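Participant: Position chain B against the provided structure of chain A, taking the given hints into account.
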Amino acid sequence: MDFDAIVVGSGISGGWVAKELCERGLRTLVIERGRNVTHRDDYNDFATPWQIPNRGLVAQDEIAKHYAIQSTNPAFNSATKQWWVRDSEHPYATPTDRPYSWIRGYHLGGRSITWGRQTYRMGDVDFGANKLDGNGIDWPIRYADIQPWYDRVERFAGVSGANEGLEHLPDGQFLPPLELNCLETSFKQRIEQYYPTRRVTPGRCAHLTEPTAEHIALGRGPCQSRNVCERGCGYGAYFSSLSATLPAAKKTGNLTILTDYIVERLDYDHAKRRVSGVRTIDSNTGQGRSYQARVVFMCASTIATTQVLLASRSEYFPHGLGNRSDALGRHLMDHVVGIGASGTHPGFLDRYYYGRRPSGFYVPRYINITENADVDFIRGFGFQGYSGRSSWQRAEKETGVGADLKQRLRDPGRWEMTLVGYGEMLPHADNRVTLDERRRDKWGIPLVHIDCSHGENERRLAERANQDAVRMLIAAGFENVAPLGAVKPPGSSVHEMGTARMGRDPATSVLNGHNQAHDISNLFVTDGSCMTSTGSVNPSLTYMALSARAANYAADLLGSGEI
Amino acid sequence: MSNPVTNSKLDRRAMLLGAVFLVGGGAALTRFLKPSESRTGDDAPAMSGEQFMLLEQVVDTMIPATDTPGALAAGVPAFVREMLGEWASDATRREFLDVLETIERQAWAQFGAAYLELPAERRLAVLGRYDEDAISRQDPAYGRFKYLVLVGYYQSEIGATEELRFELVPGAWRACLPLTEVGRASAV
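Chains A and B supply the protein sequences, listed in that same order. For the first sequence, the working numbering gives the first residue as 576, with consecutive numbering after it. For the second sequence, the working numbering gives the first residue as 21, with consecutive numbering after it.
One chain only, chain A, in its complex shape:
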């Protein structure tokens, strides 16, 4: 055996698996399809606005030619361009009338560099939802199963937030919260008074407000309030694979990282009922090479992991590795986004703030939990909120030139607030990832075909989120209140999930309650593809907890010789 374990992918899930396995004494190989990235050295987070190419704007022709999909992500700009793939080099197929936005970055650390850093626990209302209303299949775990792992990953990652005592948004191991600004404090008072069933809390986010000794030992420091996180953070103040998990894994001496190698397929040994090899392609030379290990973790991200498993067909698994259930590739989900509202507030003109907070506030889900009446859909949505005073940018849409304009822009403009809804999406078997065998990428790998669209429940939920956001802003004294606009195509929230779901029954799911393939004891999947439902909160913290839990479970099995 080359290694004890192979981890495919180095993003949030892969980083966590590598750390846990290495710390359990297992010789671990992480295979990353993209380029190597050196923490700090490869970031441009100390560039001033006037040093950023084209002041942040990416050339219009370049966007049209290479970044038509990736550029729809709000964090895409000339200072972060290196963190997104060129759509022209990494194509995928969709039906023409059902667009899907597959937002990706191929480099060490994956999307843990550009993620939104919002970190919330799922509660039993989420883990029990499928069983309760009969959509999808039941999760094989409940909150009690994952709670200690949430504790563990929060402590290590460093999550700031405020405990609220809500069962549906469980409290955690929090560093001090990033405080609400003047307007948000007023908003919180007004909303909680007007709607006693709703809550406003500082955003829970993976930023070090007060680093612990464990964080400092890894070279991480406190948040400097720069809010250039998506360029990478030289202070290591937010959690990423590069700032936290991979350095911890390296410290053990058990970690090997292989970049620029694309995993094409997994080999299966039917006699042993095990994955026997990981076949890779050197992305620079096209050369193939196979690696062996006692256990394999797929953490390549939902769609990429699904692509590899679908391609790993054999006599025994003609529809993809571990796909006896036909669930592999189905039930693709993503949080419904493009919903919410924004407005301006006439007050607090003598108040301001200092620094650039890299987070906002959160309105946890209330629909179908603390409020049940008058709703024509199931599940619900939460709101991430952002507010601040406008600056010079407002002049683009305001009349005025000359010395008067210049004088006016010295003061900040009115306060603005945006409520950004994240809605739960139900699992539908027809929302599906398949392989398009007729079309191949430059390495000869069949393209993925993504067919995914929102259903009636998502539409109703989105409409209600818009209404509620408008009403809350009006109730809190805002003006110029308007809904955000149209629901974005699925994929836009970059929370894709569900295509290799966990379940109790091998006939309807790919993975068991430990993220282990039902039929293949040494194959684990811990990225978003394992998710049985989406819940309404940002999923990365749950991937971390499930990854750490599954890695330790696998280490136990390896230790006892069961796999």
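Please keep in mind that the hints were generated in silico from the structure rather than gathered at the bench. Heads up, a few of these hints could be off.
[Stated by the list, open to error] Cβ-to-Cβ under 10 Å is the rule here; a few derived chain A residues that face chain B:
| id | residue |
| --- | --- |
| 1 | 629 |
| 2 | 922 |
| 3 | 931 |
| 4 | 973 |
| 5 | 1039 |
The structure presented is a predicted model; accordingly, all values stated were derived computationally and were not measured. All C-beta atoms, glycine included, are put in the ideal place defined by N, C-alpha and C.
Facilitator: Relative to chain A, chain B alone:
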């Protein structure tokens, strides 16, 4: 400032010259546009020398030097020219040149002279009137033009640090303070 539809001698002259410019002055306008219209290779300049001179005066009107340096000192004209070359698509570049052309045409229509030949207060009148009209119409081309001038100034070192306030490393988040304690608007 002045409304061109008045009966003063000056304005009649302005109207007349404006009309001459629009009819007979087509040649001048063609010359004004030509270098960019025919731009083909990457080496070709994004705008002609005449267009650049007009751009300089327009951005100087939009963000003048006051008790702090203005757009000229911040290098906004060169920035805009660079952006037209490196950032803008052909369509956007044509739009920008159209905006400049319209400003020039309005200078002739209102005051009977090229923008460059007008005194500062008349330039302000021409640009202010165009700005008001274009923004009320939500003209996207002018919006992009104005944004580029604004970003060129307020994200320059002068605009960000001398005119507004910018700290590369704020170091802390202070959530609620009197505006007087913080001072000016943050540039980012």
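Participant: Broken hints, numbered, in rising order?
Facilitator: 2, 5
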